[in-house]
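S.K.: Each chain, written out:
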Amino acid sequence: MNDFINMFFNIELITKVLPDLVGVGLMNTLILAVSATAIALAFGIVIAMALISRHRWLNWPARIYVDLLRGLPVILTIFLIGQGLPYMGVQPFGPSAYPYGIISLGLIGAAYMAEIFRSGIQSIHHGQLEAARALGMPYTTSMAMIVVPQGIRNVFPALTNQFIGIVKDTSLVYVLGLAVGERELYRIGQDMSQRVGNLSPLVAAGIVYLIITVPLTYYVNWLDNRLRTGRVPVIVEEPATKAIASEGAKA
Amino acid sequence: MTTTTTFGVRVEGLHKSFGQNEVLKGIDLKIEPGEVVCIIGPSGSGKSTLLRSMNLLEVPTSGSIYIGDREITAGGADINELRSHVGMVFQSFNLFPHMTVERNITVSLERVKGLSSAKAKDVAAARLSEVGLSSKASSRPFNLSGGQQQRVAIARALAMEPGIMLFDEVTSALDPELVKGVLNIMIDLAKRGMTMVVVTHEMGFARQVADRVVFMDRGVIVEQGPPDELFISPRSERLRSFLSEVL
Chain A
599 MNDFINMFFN
609 IELITKVLPD
619 LVGVGLMNTL
629 ILAVSATAIA
639 LAFGIVIAMA
649 LISRHRWLNW
659 PARIYVDLLR
669 GLPVILTIFL
679 IGQGLPYMGV
689 QPFGPSAYPY
699 GIISLGLIGA
709 AYMAEIFRSG
719 IQSIHHGQLE
729 AARALGMPYT
739 TSMAMIVVPQ
749 GIRNVFPALT
759 NQFIGIVKDT
769 SLVYVLGLAV
779 GERELYRIGQ
789 DMSQRVGNLS
799 PLVAAGIVYL
809 IITVPLTYYV
819 NWLDNRLRTG
829 RVPVIVEEPA
839 TKAIASEGAK
849 A
Chain B
57 MTTTTTFGVR
67 VEGLHKSFGQ
77 NEVLKGIDLK
87 IEPGEVVCII
97 GPSGSGKSTL
107 LRSMNLLEVP
117 TSGSIYIGDR
127 EITAGGADIN
137 ELRSHVGMVF
147 QSFNLFPHMT
157 VERNITVSLE
167 RVKGLSSAKA
177 KDVAAARLSE
187 VGLSSKASSR
197 PFNLSGGQQQ
207 RVAIARALAM
217 EPGIMLFDEV
227 TSALDPELVK
237 GVLNIMIDLA
247 KRGMTMVVVT
257 HEMGFARQVA
267 DRVVFMDRGV
277 IVEQGPPDEL
287 FISPRSERLR
297 SFLSEVL
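Note that the protein sequences, when read in sequence, are chains A and B.
Numbered according to my numbering, the first sequence spans residues 599 to 849.
Numbered according to my numbering, the second sequence spans residues 57 to 303.
Here chain A stands alone, though its shape is the one from the complex:
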């Protein structure tokens, strides 16, 4: 029993790794996750629009993109993109692996987000688009002002779930090789665990992940519940007929 506690919950080692975990690892994990999510959201909505397009030259590439990136293991894609781009000489951010990790996670996330956006947009009754078009709004304006905002609201829980997934997937970015100051939670826990031959630092890293992900999960559940039950409408019908008659006379 003591061996178990010592291997996983050695307080001394946990205390020792904590400053790096919180000061360096947590920050990097959040930077990676939030930046990747921003890319995933922006690119995901574009792909979603292509997915629902009736033009096959928009539709097909989007479909292939989504199928590929959702079908491949995350770590493989991270390698292909994160090493492939710099090797090809595409180094807009210099030699550091960090930005490529963000791009990889963002592009993978975009494939998942695109599907979520697509389902959200398609869940909106076509009467909404028709009403907007009938008022003279062009297709893009109608989508941007009327359909997409409603669609996003419906899938907000799913999008938040995707963010949780991205937070966890940031732990894979280490395969690209990170500088000391660029290490995220997993890498910091793993580094010290290997150095001291004890898993407690890794457990500490795990706990920090849980502090982020578990509350978010409950938040998603709560959101989901609220969306499903909906707000209860309060309807007060006033006697319309008389009001109209008098308003009509004035007009």
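Because the hints were derived from the structure by calculation, they are not lab data.
Do not rely on the hints blindly, as some may be mistaken.
[Stated by the list, open to error] Coverage of chain A stretches by chain B, computed from C-beta distances (three or more under 8 Å per stretch; other residues unrestricted):
hint, region
1, 720-733
2, 746-756
[What the hints assert, rightly or not] Listing some non-contacts, in silico: residues in chain A with all C-beta distances to chain B over 10 Å:
hint, residue
3, V773
4, E780
5, Q792
[Stated by the list, open to error] Selected chain B positions facing chain A (Cβ under 8 Å, derived; list incomplete):
hint, residue
6, L113
7, N136
8, E137
9, M144
Built from N, CA and C at the ideal position, the CB exists for glycine as well.
Based on the hints, put chain B in the right spot on chain A.
M.R.: Only chain B this time, still in chain A's reference frame:
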């Protein structure tokens, strides 16, 4: 504010198919500016499709449609510009649920007509007062009854100052006690000289307000004429049997 011109409509040889299913089989119809035309007929007769063709929500398979003197079915027609002059009200209201009642009206005024936010709000206030819903400007659609929602939808369409209004079974989704408020607005609108094309099951309304009633069945216009003539002495067997079912 621009003065509203009323448009007539001319439909010539209109055909519309959905796949193998031909819904409109050659429609010719001329509606004069300021005329109120009610289209009646059994479900599946093509009356909604005909109405929806008039602002190109349905694209005709063949034939032409003129709004005023402009052919909307012509190749280069600016559909968005055209639609901003053709008001449409739907059976299911189709208010934008993520916007307030006021915003439902101002969004197209700003985005399509290019009005300033302040001007758009003035127009919205005026139109809401006409339908007796000034107090609901900041409400959300889901807090309104069906009748109120439909009145907002009419106000939204009128705010664009259309030259013609299309009504697609606008009272069919309403509880009976809410129908009257909506119909009264439409009656008022007709009195003010608006060109109106009304697909309806409300025979009482058609009788009272329509200048002309058009009876459609299986994709063709079977019979048309003044309401008294049509309702009292229908010439065709199909209209007789339809009327005996709905009256």
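S.K.: Now tell me, hint by hint, if it's right for this structure.
M.R.: We went through each hint and held it up to the structure:
Coverage of a stretch by a chain is defined here by at least three residues with a beta carbon nearer than 8 Å to that chain's beta carbons; for the region 720-733 of chain A and chain B the count is 9, and the condition holds. Chain B is given as covering the region 746-756 of chain A, and this holds because 3 residues of the stretch bring a CB closer than 8 Å to a CB of that chain, at least three being needed. The Cβ of A/V773 sits about 42 Å from the closest Cβ of chain B, beyond the 10 Å cut-off, so the non-interface label holds. Annotated as non-interface, A/E780 keeps its C-beta farther than 10 Å from every C-beta of chain B; the closest such distance is 41 Å.
Its beta-carbon lying about 51 Å from the closest one in chain B, A/Q792 satisfies the requirement of being farther than 10 Å from that chain. With a least beta-carbon distance of about 6 Å to chain A, the hint placing B/L113 at the interface is held under the 8 Å criterion. The criterion of a C-beta within 8 Å of any C-beta in chain A is met by B/N136, whose closest approach is roughly 5 Å, and the hint holds. The beta carbon of B/E137 comes within 7 Å of a beta carbon in chain A, closer than 8 Å, and the hint placing it at the interface holds.
Using the Cβ-Cβ criterion of 8 Å, the hint placing B/M144 at the interface with chain A is satisfied: the shortest such distance is roughly 4 Å.
Every hint from the earlier list agrees with this structure, and none is contradicted.
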